[in-house]
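Numbering (the working numbering), first residue to last: 9 to 367.
One or more hints might be untrue.
[Claimed, not checked] List time: in silico BS3-like cross-link candidates among lysine-lysine, alpha-carbon distance up to 25 Å:
#	residue 1	residue 2
1	K172	K28
2	K249	K267
3	K172	K185
4	K174	K189
5	K225	K302
6	K37	K172
7	K266	K225
8	K174	K185
9	K274	K302
10	K146	K122
11	K226	K302
12	K261	K226
13	K172	K160
14	K261	K274
15	K261	K249
16	K160	K174
17	K138	K28
18	K146	K160
[Claimed, not checked] Distance ranges between label pairs, derived from CB positions:
#	residue 1	residue 2	range
19	K274	T246	13 to 23 Å
20	E329	E299	25 to 35 Å
21	E201	Q178	52 to 62 Å
22	T246	E299	27 to 37 Å
Hint data in this document are derived by calculation from the structure and do not stem from the laboratory. Glycine is no exception: its CB is placed at the ideal position from the N, C-alpha and C atoms.
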Amino acid sequence: MSSKHNFNIEELLSGFDSIKISALRNAAKLSPMIKECTIGPDCVDLSQRKVIEPPSPVKVENDDATKENDPNVSNEGPSTNSTPKSVEKRKSTSTQFAASVHNDATDCAAVQLKLHQQDIERQRLASVQKTLADRQTKIRLADEEREAQLAKSLQEATLNAARKEKDTEQRLLNAMKEQEKLAQEASARRQAEIEQENRRVNDIQAQLKRRQEEMRKKAQLLDALRTYIGQFRAGTETFTKALTVIGVQHATKFTNQKKAVRMLQKDFELLLQTINTNQEVSQTEVDQATEFCKLLDQVNVEVTEILAQIEASQRQQQEQEKLQEQAKASEAPAAAVPAAQEQPPVQQKTTDSTDSATG
Numbered sequence: 009m010s011s012k013h014n015f016n017i018e019e020l021l022s023g024f025d026s027i028k029i030s031a032l033r034n035a036a037k038l039s040p041m042i043k044e045c046t047i048g049p050d051c052v053d054l055s056q057r058k059v060i061e062p063p064s065p066v067k068v069e070n071d072d073a074t075k076e077n078d079p080n081v082s083n084e085g086p087s088t089n090s091t092p093k094s095v096e097k098r099k100s101t102s103t104q105f106a107a108s109v110h111n112d113a114t115d116c117a118a119v120q121l122k123l124h125q126q127d128i129e130r131q132r133l134a135s136v137q138k139t140l141a142d143r144q145t146k147i148r149l150a151d152e153e154r155e156a157q158l159a160k161s162l163q164e165a166t167l168n169a170a171r172k173e174k175d176t177e178q179r180l181l182n183a184m185k186e187q188e189k190l191a192q193e194a195s196a197r198r199q200a201e202i203e204q205e206n207r208r209v210n211d212i213q214a215q216l217k218r219r220q221e222e223m224r225k226k227a228q229l230l231d232a233l234r235t236y237i238g239q240f241r242a243g244t245e246t247f248t249k250a251l252t253v254i255g256v257q258h259a260t261k262f263t264n265q266k267k268a269v270r271m272l273q274k275d276f277e278l279l280l281q282t283i284n285t286n287q288e289v290s291q292t293e294v295d296q297a298t299e300f301c302k303l304l305d306q307v308n309v310e311v312t313e314i315l316a317q318i319e320a321s322q323r324q325q326q327e328q329e330k331l332q333e334q335a336k337a338s339e340a341p342a343a344a345v346p347a348a349q350e351q352p353p354v355q356q357k358t359t360d361s362t363d364s365a366t367g
């Protein structure tokens, strides 16, 4: 913007020199035509004189002076730029002035012309001064605008630098936060992996414990089953031995017990076959074996009670027979014969009881 209002001060000063030279030249031209004082307290009162319109040569001079006062026309005097026609006019004008009579009217017109020229010169000088002032104002405004633009540019540069510094700090802060976030995520993942590994180890340990507990329970179940198998066999042997000592006449008293033992033996054998097939023992199967042993014990208790009753009946019968034999022995010797005949059936009873027990 400031480049539009740049101008050359030296060119303006040279214009003032041209004005001075032009004024001196015009004064030199008018000096021969003025005989009286025109300025100051002793000047002639021109208002009392009749103003006569100056002849045409004055007009030519006026035109020449106007051209000299024109800033667009060179004021350096006659030069090579003047045309021959203008030089000829100037020569004719000088000749006319020299030949004419210097009367008062001519002097007045010349003075008026001089004053008019001075007025024009003052106006021109004022215009030039105004132009210079305007140019100075424009220069000042341009300088102020340039300084304001420079200050604005400096402020913008400062703001941009501060903004860039802030952006850099923000980027660094964001990078640090991102690194911290990544570190936290990595730590969290590592912690999660550790916890998962711990859970896996705990699960394995729990599985091992459960496996060990299952094995311990299976071992306990196997031990219990072996115990119940031995107990069941012992109960069966007890039942068999009990039946071998009874006679045939008492075999019918154990019919229900025989059926119960046969059913228990069958169920117990089926239970053992199931265990051998599955290759494992459950609590249910152990409970069944326990129940079979209890039932067999109950049967043996019943057999024991029946045997006790039979033995008591036999002792009572033997006592009665002994008393009868003593009575018969005292009555007649022949009473011993029936007693001897009754002995073989007793041996037969023993044989029958053994057979029935075996059966």
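* Asked: At the C-beta level, are E201 and Q178 separated by a distance inside 52 to 62 Å?
  -> violated, 34 Å
* To do: Sort out whether K28 lies within 25 Å of K138, counting only the CA atoms.
  => Measuring from Cα to Cα gives roughly 18 Å; hence the hint holds.
* Pair hint outcome, K37 versus K172 [Cα-Cα no greater than 25 Å] -> violated, 75 Å
* **Pair hint K261 and K274, alpha-carbon separation not exceeding 25 Å** => Holds, because 22 Å separates the two Cα atoms, which is no more than 25 Å.
* To do: Below or equal to 25 Å on CA atoms is what counts here, so check K160 against K174.
  => Given that 25 Å is the threshold and the Cα spacing comes to 20 Å, the pair holds.
* Using the Cβ atoms, figure out if E329 sits within 25 to 35 Å of E299. => violated, 44 Å
* Asked: Under the criterion that the straight-line Cα-Cα distance not exceed 25 Å, is the pair K249, K267 satisfied?
  -> Distance ~16 Å between K249 and K267 Cα, so the pair holds.
* For the pair supplied as a hint, K261 and K226, confirm whether the alpha-carbon distance does not exceed 25 Å. => Not satisfied, since the Cα-Cα distance of roughly 42 Å exceeds 25 Å.
* Determine whether the Cβ-Cβ distance between K274 and T246 falls within the hinted range of 13 to 23 Å. => 18 Å Cβ-Cβ, so the 13 to 23 Å window holds.
* To do: Assess, step by step, whether the Cα of K225 is no farther than 25 Å from the Cα of K302, and give holds or violated.
  => Judged against 25 Å, a Cα distance of about 22 Å means the pair holds.
* Asked: Is the straight-line distance between the alpha-carbon of K226 and that of K302 25 Å or less?
  -> holds, 22 Å
* Are K146 and K160 close enough, with their CA atoms no more than 25 Å apart? -> holds, 20 Å
Checked against the numbered hints listed earlier, the structure breaks hints 1, 6, 7, 10, 12, 20, 21 and 22; every other hint is satisfied.
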